[in-house]
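**Student:** Listed here are the chains, written in short residue letters.
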Amino acid sequence: MKKTLLEIKDLKVNVEEKEIIKGLNLQIHEGEIHIIMGPNGSGKSTLAYTLMGHPKYEISDGEIIFEDELINDLRADERAKKGIFLSFQYPEEIPGVTVEEFLRTAKTSVTGKYQGIMAFKKLLKEKMEELEMDEEYATRYLNQGFSGGEKKKNEILQMSILDPKLAILDETDSGLDVDAIRIVAEGVKRVHDKDKSILVITHYNKLLDYLNPDYVHILLDGKIVKTGGMELAEEIDKRGYEHIRAKYSVH
Amino acid sequence: MKIIDSEIYSLPKDIDYKKEYLKFEAALPEGVILEKINKDKNEIALDYLIAKEFEEAKDQLTPLVEESYNTGVVFYLPKDVKVDQPIKIEFNMDDDNPVVINQNIIVADTASEATIIIDYTSSEGVEAFHQGITKIFAKDKAKINVIKIQRMDNKAKSSDTNIGFIKGQGQINWISVELGSAITVSHYSNYLEGEASGSNLSSIYLGDGNRKIDLEYSMIHKGPRSISNIETKGVLMDEAEKIFKGNLDFKKGARRSKGVEEEYVILLDPTVKADSIPALLCHEDDVEGEHAASAGQINESKLFYLMSRGLDERKAKKLIVEASFRPIIDKIPFEDYRQIVIDEVERRFMDDKN
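Top to bottom, those sequences are chains C and P. One point on numbering: in my numbering, the residue at position 209 of the first sequence is 209, and numbering is uninterrupted. One point on numbering: in my numbering, the residue at position 320 of the second sequence is 320, and numbering is uninterrupted.
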């Protein structure tokens, strides 16, 4: 029996006084790939931000337990240090800081260990090659002037450098062309191969063709209404969310 | 907002500065004059000191310096001469030499070129006092770059006036770095007098603790097609106060001239005070003056993004501030001085409660 990595118990989350997550339960074991699918407005991004600790997302009830520790009140940087990573749907542009400098600072912060310049350069080069990224990106300002696809690849690059225990991918597949999806999926797989856990939050199933999820969950109106395997994703793909809503909605 | 109170701002009595401050030792091209200022001996300087242009450029602080200076350099560049090495001037005020009142005069003849770096520091806890005036004459096609770094201790006071006269297609480029002292006054006035005269002023400032910062940058366009550019990036935290006045003044005759001024300031604490007063004065129709300013706190989404990568709040803020300073710091053409500035910004953050 694998160890439980993340356990969410009856989670309720408010954003600006409005309840978005309305009692969500989820358990992720080490090495598992989970997919949460849901239509727009179902609470997907709220869940992603809440798990990462965005101060605007207020937990009104329930528990988030990571490696047997309640992390409800931890700040984002503390969660990152515990091994949680969020690939942002809309990564921020930080002009004035190069990708390399930023990642070296982040790696130092997350591991608490100084990253030697040369050793880090080597690691970065290797990871960039895996993601078929031009070396030149290392010297560019973080996300500035990057296309949507380049930003997503950069998120996956950050993930592979920071090597988290749990990677949450928020709509990482949106805005990617076929080749980029393959490269991103391979990047995710490489992290997964090291027995890390993955939580993919999406409303398409583009990425799923490449990953082999252990569980597919359907999120509707702030609750997981159905858990199954790939057949659920296929059902959504074939019949759409309206059908799913009619079938699984708990009114 | 009045930042400088005349009662606390008077000249000290003991005004000797005995330390060596001119650090330039390389051989200079023929005809170049580089010497310490001396009331009787600098003939070249005296010619320019009495130039009528200065009469109109004076402000209330300059006569003090002109009469009471204890340091300064006179630097003359003959026609077509380029000095490749930077002229380094370093003032390090301490218990024995707490006062620097310096007058620097730089005269760049036609098509000459040089870079001057002036670095002001003071020992910890010393109530050092710096007051300075730097006057530059840049003739046709001359190019003078001046980098001023002020990183004095929090007990110190610093006031600096800079006046540039630019003839023909001459150019003066200033980089101003204001990181220290309890009170900072930093004024720049550039007179673009010729056709296609140019001046750039890039600056960064950091206000922490109770620092009071008074910045006034003026570009006075007189010649046609003259071009000026002001770019300022600042950060304020704790109880720091800042006033910024940016003046683009297009005089009669400055047809088809262009001036751009931008000021961006990051406010890290709600207790800071920041005022910006941009002014655009036009005596000609056919001129272009652009002004952009913004003052704001660090974007919450950016902060969260950085924190999600393991940076604590202070580190994340420091990163954003350094990033905003970066384009200006990168203009300093010497790695050692870039590093000095980066280290000082870092140190200011480490001391701080943010």
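In case anyone wonders, no lab produced these hints; they're calculated from the structure. Predicted model only: the values in this text are computed from it and were never measured. Here a beta-carbon is modelled for each residue, glycine too, at the ideal position from N, C-alpha and C. You may find that some hints are simply not true.
[What the hints assert, rightly or not] Taking lysine to any residue pairs in the SDA-like style, the calculated list, with each CA pair at most 20 Å apart, reads:
| no. | chain 1 | residue 1 | chain 2 | residue 2 |
| --- | --- | --- | --- | --- |
| 1 | C | Lys82 | P | Lys315 |
| 2 | P | Lys302 | C | Leu74 |
| 3 | C | Lys113 | P | Lys302 |
| 4 | C | Lys82 | P | Lys245 |
| 5 | P | Lys302 | C | Lys12 |
| 6 | P | Lys302 | C | Lys127 |
| 7 | C | Lys12 | C | Ile71 |
| 8 | P | Lys302 | C | Arg190 |
| 9 | C | Lys82 | P | Glu313 |
| 10 | P | Lys315 | C | Pro55 |
| 11 | C | Lys127 | C | Ile71 |
| 12 | P | Lys245 | P | Lys302 |
| 13 | C | Lys56 | P | Pro29 |
| 14 | P | Lys315 | C | Glu78 |
| 15 | C | Lys81 | P | Lys251 |
| 16 | C | Lys113 | P | Lys251 |
| 17 | P | Lys167 | P | Gly209 |
| 18 | P | Lys302 | C | Glu93 |
| 19 | P | Lys302 | C | Gly145 |
| 20 | C | Lys165 | C | Glu7 |
| 21 | C | Lys56 | P | Gly296 |
| 22 | C | Lys56 | P | Arg314 |
| 23 | P | Lys141 | P | Pro29 |
| 24 | P | Lys302 | C | Lys165 |
| 25 | C | Lys151 | P | Ser301 |
| 26 | P | Lys315 | C | Lys226 |
| 27 | P | Lys302 | C | Glu101 |
| 28 | C | Lys56 | P | Lys302 |
| 29 | P | Lys302 | C | Ser147 |
| 30 | C | Lys82 | P | Gly289 |
| 31 | P | Lys302 | C | Gly148 |
| 32 | P | Lys251 | P | Lys302 |
| 33 | P | Lys302 | P | Arg326 |
[As the list claims (entries may be wrong)] Take a look, some chain C residues computed to stay more than 12 Å from chain P by CB distance:
| no. | residue |
| --- | --- |
| 34 | Thr98 |
| 35 | Thr111 |
| 36 | Ser147 |
| 37 | Lys247 |
**Student:** Hint by hint, which ones does this structure get wrong, listed from lowest number up?
**Tutor:** 3, 4, 5, 6, 8, 11, 12, 13, 15, 16, 17, 24, 26, 30, 32, 34 and 35
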